[in-house]
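Participant: Protein sequences, first through last, are from chains A and B. Under UniProt numbering, think of the first position of the first sequence as 1, with each following residue one higher. Under UniProt numbering, think of the first position of the second sequence as 1, with each following residue one higher.
It is possible that part of the hints are untrue.
[Unchecked claim] Straight-line distance between alpha carbons at most 20 Å, and here's what the computed SDA-like set of lysine to any residue pairs gives:
| id | chain 1 | residue 1 | chain 2 | residue 2 |
| --- | --- | --- | --- | --- |
| 1 | B | Lys174 | A | Ile43 |
| 2 | A | Lys174 | B | Leu26 |
| 3 | A | Lys174 | B | Glu35 |
| 4 | B | Lys131 | A | Leu169 |
| 5 | A | Lys131 | B | Arg166 |
| 6 | A | Lys98 | B | Gln17 |
| 7 | A | Lys174 | B | Lys156 |
| 8 | B | Lys156 | A | Phe3 |
| 9 | A | Lys156 | B | Glu10 |
| 10 | A | Lys98 | B | Ser21 |
| 11 | B | Lys174 | A | Glu167 |
| 12 | B | Lys174 | A | Arg166 |
| 13 | B | Lys131 | A | Phe3 |
| 14 | B | Lys156 | A | Pro164 |
| 15 | A | Lys98 | B | Leu26 |
| 16 | A | Lys131 | B | Tyr168 |
| 17 | B | Lys131 | B | Pro59 |
| 18 | A | Lys131 | B | Leu169 |
| 19 | A | Lys131 | B | Leu172 |
| 20 | B | Lys156 | A | Leu5 |
| 21 | A | Lys174 | B | Thr39 |
| 22 | B | Lys156 | A | Leu12 |
| 23 | A | Lys98 | B | Thr24 |
| 24 | A | Lys174 | B | Glu167 |
| 25 | A | Lys131 | B | Thr159 |
| 26 | A | Lys174 | B | Leu172 |
[Said to hold, decoys possible] Computed spacing ranges between beta-carbons, pair by pair:
| id | chain 1 | residue 1 | chain 2 | residue 2 | range |
| --- | --- | --- | --- | --- | --- |
| 27 | A | Leu82 | B | Arg70 | 51 to 61 Å |
| 28 | A | Phe127 | B | Thr99 | 22 to 32 Å |
| 29 | B | Thr99 | A | Thr121 | 43 to 53 Å |
| 30 | A | Phe127 | B | Ala126 | 38 to 48 Å |
| 31 | B | Thr110 | A | Gly36 | 16 to 26 Å |
| 32 | B | Phe127 | A | Asp37 | 25 to 35 Å |
| 33 | B | Thr55 | A | Thr110 | 48 to 58 Å |
| 34 | B | Pro74 | A | Val87 | 48 to 58 Å |
| 35 | A | Gly36 | B | Glu62 | 34 to 44 Å |
| 36 | A | Leu120 | B | Phe127 | 51 to 61 Å |
| 37 | A | Asp37 | B | Leu65 | 20 to 30 Å |
| 38 | A | Glu35 | B | Tyr168 | 15 to 25 Å |
| 39 | B | Asn34 | A | Ile9 | 21 to 31 Å |
Hint data in this document are derived by calculation from the structure and do not stem from the laboratory. Note that beta-carbon positions come from the ideal geometry of N, C-alpha and C, so glycine has one too.
Now for the letters of each chain:
2 protein chains.
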Amino acid sequence: MNFNLDEAIEVLERTPQALESLLTGLSNGWLQNNEGDGTWHAIEVIEHLIEAEKTNWLPRLEIILQEGERKPFPPFDRFAHLQETSVRSFEQKLLEFKTLRAQNLAKLRTLVEPEKHLELTGLHPAFGVVKMRELLSTWVVHDLTHTAQIVRVIAKRYTADVGPWREYLGILNK
Amino acid sequence: MNFNLDEAIEVLERTPQALESLLTGLSNGWLQNNEGDGTWHAIEVIEHLIEAEKTNWLPRLEIILQEGERKPFPPFDRFAHLQETSVRSFEQKLLEFKTLRAQNLAKLRTLVEPEKHLELTGLHPAFGVVKMRELLSTWVVHDLTHTAQIVRVIAKRYTADVGPWREYLGILNK
Chain A
1 MNFNLDEAIE VLERTPQALE SLLTGLSNGW LQNNEGDGTW HAIEVIEHLI
51 EAEKTNWLPR LEIILQEGER KPFPPFDRFA HLQETSVRSF EQKLLEFKTL
101 RAQNLAKLRT LVEPEKHLEL TGLHPAFGVV KMRELLSTWV VHDLTHTAQI
151 VRVIAKRYTA DVGPWREYLG ILNK
Chain B
1 MNFNLDEAIE VLERTPQALE SLLTGLSNGW LQNNEGDGTW HAIEVIEHLI
51 EAEKTNWLPR LEIILQEGER KPFPPFDRFA HLQETSVRSF EQKLLEFKTL
101 RAQNLAKLRT LVEPEKHLEL TGLHPAFGVV KMRELLSTWV VHDLTHTAQI
151 VRVIAKRYTA DVGPWREYLG ILNK
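My request is simple: use the sequences and hints to build the entire structure.
Facilitator: Take a look at the structure:
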């Protein structure tokens with residue numbers, strides 16, 4: 001196991017700024033590109049990250065601390081953000097993600113003592129018994145999965161434009 | 001074709017800042033993780049991006065403008081950066097990438113007039129005839145390919161740590 005709470009937080013606290021640097025000011029042609037029917041564009045991925053900050057990571061962490069294996073996590077609706085009907089701008093959404101993340105990391109630092117809590121267990125509705133450190137590792141990798149997704153979705157806009165170079169550009173063939 | 005020079009530059013000018021936001025200050029455990037023998041860690045990817053700024057994009061662009069199809073591009077050595085022996089810090093390397101990119105985009109803006117030059121052709125050593133707009137599209141997607149690679153390589157450090165969640169996290173199975 002590599003898990004280390006301080007190192008996990010290093011990644012978690014960088015994600016909003018990295019996405020902001022990558023995306024702020026891009027034309028809609030980039031921001032609204034997707035990979036076909038039923039796939040998400042960059043803005044929808046940010047909405048999903050916001051939803052996970054609200055209803056997934058901290059709520060589950062608190063259930064582990066308070067209930068242990070007595071009460072399963074409520075299922076996380078991975079498509080809830082698609083019901084989102086507010087008219088906030090993309091910049092407002094990025095700011096919301098950044099603010100929620102900062103609040104959640106502050107809570108995480110208050111609630112979790114690594115030497116006491118990392119091996120605590122909870123009950124996942126599909127997987128059964130899971131550990132606090134597995135939940136926290138997943139939070140990190142979930143950030144990176146969706147960052148890579150955004151980068152891939154943007155790249156695919158130029159799939160035809162690169163001409164014969166497509167062969168060398170693995171990201172276009174995923 | 002989607003290609004538009006201003007939109008391509010939007011992505012190209014954001015890459016150094018996005019990588020800086022993602023990587024600066026991360027522990028070596030993240031920065032020096034790789035995907036096994038013969039694969040690159042994040043720092044090696046940055047070195048490759050530096051090499052491409054020096055010897056790939058602008059030199060090829062200039063050959064198209066000056067020589068057209070008369071003279072093939074010199075081959076780009078995708079492993080040249082692995083011979084790199086200097087002892088610059090990671091922050092210095094990121095700064096070098098940022099500086100070279102800014103210089104190259106300034107040159108690009110001076111040299112290429114979209115209404116005149118995008119359909120110009122050159123001779124790729126493996127692909128044969130290629131267009132200026134294909135070279136420029138490839139520059140964009142090459143940035144995104146290597147950004148996604150860095151994100152994936154970092155994520156893989158926690159492949160075992162996420163426990164049963166691995167199944168939901170596609171990035172770990174690539």
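Participant: Which of the numbered hints are not met once you compare them with the structure shown?
Facilitator: When the structure is compared with the hints, numbers 1, 2, 13, 14, 28, 31 and 37 turn out to be violated.
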